[in-house]
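Enquirer: Take a look at the letters that make up each chain.
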Amino acid sequence: MRRDALSGGGSKGDASRLRSLKCLYNVRTVTTGIRSRRIDIRVTDEQDAVIREAAAAAGQTVSAFLLSAAEGRARAVLDERRHLVMSDRAFAAFAAALDDASEPVPALGELVSLPRLHRT
Amino acid sequence: MSDPSLVALSAERDLSGFDCGTPELDRWLIDHALASQKADLARTYLVLDGGSVAAYVSLTTGSIRPEAAPKRYARGMPRYPIPTILIARLAVDRRHQRQRLGSRLLAEALRLAVAASNTAAARHVVVDAIDDRAAAFYRRWGFIDVPENPNRLFRKISDIRNSSP
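First to last, the sequence lines map onto chains U and Z.
Numbered by our numbering, the letters in the first sequence go through residues 1 to 120 in order.
Numbered by our numbering, the letters in the second sequence go through residues 121 to 285 in order.
Calculated directly from the structure, the hints in this document are not laboratory data.
Treat each hint with caution, since some may be false.
Claimed, not checked - So, partial list: chain U residues that the calculated Cβ filter (under 10 angstroms) puts toward chain Z:
hint	residue
1	A57
2	Q60
3	S63
4	H83
5	D88
6	F91
7	P104
8	P115
Heads up, the beta-carbon is just placed ideally off N, CA and C, and yes, glycines get one too.
Only chain U is shown next, with the shape it has when bound in the complex (with noise of 0.2 angstroms):
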């Protein structure tokens, strides 16, 4: 038993995870409009299930109630790493110190003095 547990692709558990494993969605994803591209998700029968009733539920089919939440869960993680936010107080300050005056800074002097790269 206990050799068993231990060996590789071949245990009693993974044998039963894969079963659960047996639906397929087949997702076709959007690249400049035209729909070329496939992702393929395996998901368990308890997945399937609440995702097929929440489509319906939508009045949406599966593949696209996954779409538009995959695409917009998508979106909004580059937004997360593109918009920044901050508390009002410290927004209020860094607004403010845009009206102040701009004076040179030695260490982007000392930057933009290195050997350009040259553009081809």
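Go by the hints and put chain Z onto chain U.
Expert: Frame of chain U; chain Z shown alone:
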């Protein structure tokens, strides 16, 4: 060392061997940079040295905004997010490190950022430092920590303009 050059990312470039020591930055260049560029989400520039990719930088746009809903904005506070140019990623291949290539590339990225803000106004350059070592690199070149946003640093575009000869 040969004379390195700066080129915009294009489809024919072989990126597969890029290795900067931070897998996340390698994977992004190899797997996502071109798709991001095609989708107009980020522009990537490569430093080529003797035909190989020695470094890259990616730029995009962003903003800095307060967490409050607009109706709660205090008097005198700008009512709109502050537009920024974001240096999202900058990495140097291991074989080209310790030659100031990253610093020279940062200088070029700042020139690109100033040029972009001359065309479509932005107020700050924000840099996204992947770790403490990267943050120290940007501080060494005069960047300041963004309040409440760890490993994000900034400089006003006007400061960069005024520091250029």
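Enquirer: Among the hints numbered above, which are violated by the structure, and what are their numbers in rising order?
Expert: Violated: hints 1, 2, 3.
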